[in-house]
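K.L.:
Spelled out from the first residue to the last, the chains are:
Number of protein chains: 2
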Amino acid sequence: MQQRDFKERLSENAEKVNNVLRGILADRNLIGGELGEVFKYVLEAEGKRIRGALVLWGCEVVSGQVNRNAEIAAAAIEMVHTYSLIHDDLPAMDDDEIRRGKPACHIAFDEATAILAGDGLLTLAFEILSKEIDDAGVAIKLVGQLAGSAGPAGMVAGQLADLQSEKTKGSEEQLEYIHTNKTAKMFQCSVAMGAIAGGAKRGEYESLCEYGLKIGLGFQVADDILDVSGSSKQLGKTAGKDEKAGKITYPSLLGIEGSKERAVKLAEEAVEALGSFGEKAEVLRQLAKALLERTR
Amino acid sequence: MQQRDFKERLSENAEKVNNVLRGILADRNLIGGELGEVFKYVLEAEGKRIRGALVLWGCEVVSGQVNRNAEIAAAAIEMVHTYSLIHDDLPAMDDDEIRRGKPACHIAFDEATAILAGDGLLTLAFEILSKEIDDAGVAIKLVGQLAGSAGPAGMVAGQLADLQSEKTKGSEEQLEYIHTNKTAKMFQCSVAMGAIAGGAKRGEYESLCEYGLKIGLGFQVADDILDVSGSSKQLGKTAGKDEKAGKITYPSLLGIEGSKERAVKLAEEAVEALGSFGEKAEVLRQLAKALLERTR
Chain A
0 MQQRDFKERL SENAEKVNNV LRGILADRNL IGGELGEVFK YVLEAEGKRI RGALVLWGCE
60 VVSGQVNRNA EIAAAAIEMV HTYSLIHDDL PAMDDDEIRR GKPACHIAFD EATAILAGDG
120 LLTLAFEILS KEIDDAGVAI KLVGQLAGSA GPAGMVAGQL ADLQSEKTKG SEEQLEYIHT
180 NKTAKMFQCS VAMGAIAGGA KRGEYESLCE YGLKIGLGFQ VADDILDVSG SSKQLGKTAG
240 KDEKAGKITY PSLLGIEGSK ERAVKLAEEA VEALGSFGEK AEVLRQLAKA LLERTR
Chain B
0 MQQRDFKERL SENAEKVNNV LRGILADRNL IGGELGEVFK YVLEAEGKRI RGALVLWGCE
60 VVSGQVNRNA EIAAAAIEMV HTYSLIHDDL PAMDDDEIRR GKPACHIAFD EATAILAGDG
120 LLTLAFEILS KEIDDAGVAI KLVGQLAGSA GPAGMVAGQL ADLQSEKTKG SEEQLEYIHT
180 NKTAKMFQCS VAMGAIAGGA KRGEYESLCE YGLKIGLGFQ VADDILDVSG SSKQLGKTAG
240 KDEKAGKITY PSLLGIEGSK ERAVKLAEEA VEALGSFGEK AEVLRQLAKA LLERTR
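Quick mapping for you: the protein sequence lines, in order, are chains A and B. Numbered according to numbering that gives the first Met the number 0, the first sequence terminates at residue 295, and the numbering increases by one at each position without gaps. Numbered according to numbering that gives the first Met the number 0, the second sequence terminates at residue 295, and the numbering increases by one at each position without gaps.
Treat the hints with caution; some may be incorrect.
Because identical chains cannot be distinguished in the list, a pair is counted as satisfied if it fits within a single copy or across any two copies.
[Stated by the list, open to error] Think about it this way: if two alpha-carbon atoms lie no more than 25 Å apart in a straight line, the pair counts; the simulated SDA-like pairs of lysine to any residue are:
no.: 1; residue 1: K279; residue 2: F108
no.: 2; residue 1: K101; residue 2: Q163
no.: 3; residue 1: K264; residue 2: V282
no.: 4; residue 1: K200; residue 2: F276
no.: 5; residue 1: K200; residue 2: A135
no.: 6; residue 1: K200; residue 2: E171
no.: 7; residue 1: K15; residue 2: E172
no.: 8; residue 1: K200; residue 2: L252
no.: 9; residue 1: K39; residue 2: V270
no.: 10; residue 1: K15; residue 2: Y176
no.: 11; residue 1: K200; residue 2: G32
no.: 12; residue 1: K246; residue 2: F108
no.: 13; residue 1: K259; residue 2: S62
no.: 14; residue 1: K39; residue 2: A160
no.: 15; residue 1: K130; residue 2: K246
no.: 16; residue 1: K288; residue 2: V227
no.: 17; residue 1: K130; residue 2: E33
no.: 18; residue 1: K246; residue 2: E271
no.: 19; residue 1: K15; residue 2: K259
no.: 20; residue 1: K101; residue 2: Q173
no.: 21; residue 1: K264; residue 2: E281
no.: 22; residue 1: K200; residue 2: G254
no.: 23; residue 1: K259; residue 2: L273
no.: 24; residue 1: K101; residue 2: A91
no.: 25; residue 1: K246; residue 2: I106
no.: 26; residue 1: K264; residue 2: C208
no.: 27; residue 1: K130; residue 2: Y204
no.: 28; residue 1: K246; residue 2: G31
No wet-lab data here; the hints were simulated from the structure.
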């Protein structure tokens with residue numbers, strides 16, 4: 000498969016996820032009052048939907064096709080990702096006014112609305128998993144996977160450690176803890192939810208979890224590199240923020256070259272984890288390559 | 000049953016809920032980094048645990064006893080209630096520095112920590128429902144009930160409407176919308192989760208839902224009255240805040256006497272909804288009475 004094909008497949012999946020999100024936004028039983036307008040604003044912003052796409056691919060790799068449960072799980076993880084960005088951008092957090100190339104939620108509306116919109120999206124993610132998936136056993140596994148990865152033993156713990164790192168010098172161990180929890184676990188969660196939706200065997204699930212964690216860490220290293228060397232346009236958010244905030248990053252610890260080497264190694268390890276899947280997992284290998292392109 | 004017995008039973012249930020919460024806080028698989036300390040601070044504050052107690056009573060009324068699933072559900076709804084208080088107290092929201100008689104979370108720690116602690120508690124509520132309840136069918140119903148009541152078709156929608164009401168004159172219809180969504184649905188959710196945990200029949204579930212909604216609205220009317228006539232100590236938070244913020248409240252729309260009449264009517268309707276349960280539901284009737292005591 001060529002790189003061109005990969006990009007096409009990513010945007011195909013992004014479109015699928017966007018369609019599911021649009022369907023949910025139109026359901027007035029799920030969203031009351033003026034929240035619909037706010038959700039529309041934040042969910043219709045141009046996101047790459049990598050996490051959602053990973054859910055669909057995870058399902059495809061283990062079952063040969065994308066099913067409805069995977070589509071709902073993809074929408075759920077994009078809601079959780081979007082809530083985390085809304086709260087991350089708040090003045091008391093990263094204080095960023097641009098997100099996905101548009102004014103951040105608290106700028107377009109106000110801070111209180113942004114706090115509540117984030118809370119609402121997070122809750123809605125669990126609501127759609129409980130109400131849109133027929134098989135209770137599959138649904139509750141998806142809830143557990145998402146909550147475990149996004150909650151106080153995952154993303155939220157990573158975000159708190161990240162904010163606290165502004166005050167300290169920081170070690171590589173600490174940085175790894177932050178990025179594993181803040182970013183990598185949500186990538187892992189994506190392929191893991193796809194695996195659950197596709198009825199994966201234990202070993203398949205574990206291989207995809209390993210892949211997701213490595214690709215997620217690699218993605219964060221690439222993001223750190225871009226934050227130093229890229230433009231705000233390329234990032235869709237303000238560049239150079241981490242350094243300014245005195246946060247520990249891969250470039251500040253390993254240098255730009257060292258960080259690029261780390262990204263290459265993580266991409267290789269991610270590809271290795273896919274060993275048992277053969278040709279079926281080609282698109283996931285291509286994602287690892289695309290990640291490296293990003294750091295160049 | 001005497002009023003004294005009711006208070007004893009409420010504090011017995013509160014203690015049961017607190018024990019479950021302590022067990023969860025001690026589980027390092029569920030909570031990473033320094034979040035444990037923050038959760039401990041907010042969850043060990045003196046709450047009445049009315050919502051948690053209602054879960055246990057809901058289960059008892061339909062099944063004759065409290066089971067483990069109800070205990071987990073009670074802990075989950077207290078986590079969601081606590082997260083909503085943490086976010087509500089933020090400067091961009093209600094801007095309150097006292098909660099449950101102690102400095103609010105963002106005062107004791109900082110704003111970013113309070114935002115993340117709220118996010119983490121909300122997520123943890125769904126995580127424990129998915130991981131601590133054996134029956135997947137029961138667990139996923141509890142997730143759906145909690146998300147539906149707390150999310151963008153429930154509490155979060157009510158909170159947004161509440162904040163927006165500061166800018167408008169406000170009608171009784173609008174006030175009813177706010178309080179139904181912001182407060183009453185979480186009371187309804189409590190008895191509904193208890194009913195689910197206890198294996199309620201459809202009709203029992205619906206009667207308890209009706210009771211929960213009425214008692215929840217009554218509770219909010221009483222809270223509005225106390226905000227005008229009570230002390231901060233009695234409330235455990237700053238008194239007189241609603242009026243100062245120009246929020247519509249029952250006393251501002253109906254006067255104190257009219258509000259008290261409304262509370263009496265809601266308590267009566269709540270008791271009526273319990274008709275089919277007979278003696279078993281006596282403690283829920285006592286709660287309605289206790290609510291009215293509160294307005295005196």
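K.L.:
Indicate, hint by hint, whether the structure satisfies it.
P.N.:
Comparing the hints with the structure gives:
no. : hint        : verdict
1   : K279 x F108 : neither (44 Å within a copy, 49 Å between copies)
2   : K101 x Q163 : between (27 Å within a copy, 24 Å between copies)
3   : K264 x V282 : within (19 Å within a copy, 63 Å between copies)
4   : K200 x F276 : within (12 Å within a copy, 47 Å between copies)
5   : K200 x A135 : both (18 Å within a copy, 19 Å between copies)
6   : K200 x E171 : neither (34 Å within a copy, 56 Å between copies)
7   : K15 x E172  : neither (38 Å within a copy, 39 Å between copies)
8   : K200 x L252 : neither (39 Å within a copy, 60 Å between copies)
9   : K39 x V270  : neither (36 Å within a copy, 41 Å between copies)
10  : K15 x Y176  : neither (33 Å within a copy, 35 Å between copies)
11  : K200 x G32  : neither (43 Å within a copy, 32 Å between copies)
12  : K246 x F108 : between (28 Å within a copy, 20 Å between copies)
13  : K259 x S62  : neither (34 Å within a copy, 61 Å between copies)
14  : K39 x A160  : between (31 Å within a copy, 18 Å between copies)
15  : K130 x K246 : neither (40 Å within a copy, 35 Å between copies)
16  : K288 x V227 : within (21 Å within a copy, 63 Å between copies)
17  : K130 x E33  : within (22 Å within a copy, 33 Å between copies)
18  : K246 x E271 : neither (31 Å within a copy, 59 Å between copies)
19  : K15 x K259  : neither (32 Å within a copy, 53 Å between copies)
20  : K101 x Q173 : neither (32 Å within a copy, 32 Å between copies)
21  : K264 x E281 : within (18 Å within a copy, 66 Å between copies)
22  : K200 x G254 : neither (40 Å within a copy, 64 Å between copies)
23  : K259 x L273 : within (22 Å within a copy, 66 Å between copies)
24  : K101 x A91  : both (20 Å within a copy, 22 Å between copies)
25  : K246 x I106 : both (24 Å within a copy, 24 Å between copies)
26  : K264 x C208 : within (17 Å within a copy, 56 Å between copies)
27  : K130 x Y204 : both (24 Å within a copy, 18 Å between copies)
28  : K246 x G31  : between (38 Å within a copy, 20 Å between copies)
Violated hints for the displayed structure, listed by number in ascending order: 1, 6, 7, 8, 9, 10, 11, 13, 15, 18, 19, 20 and 22.
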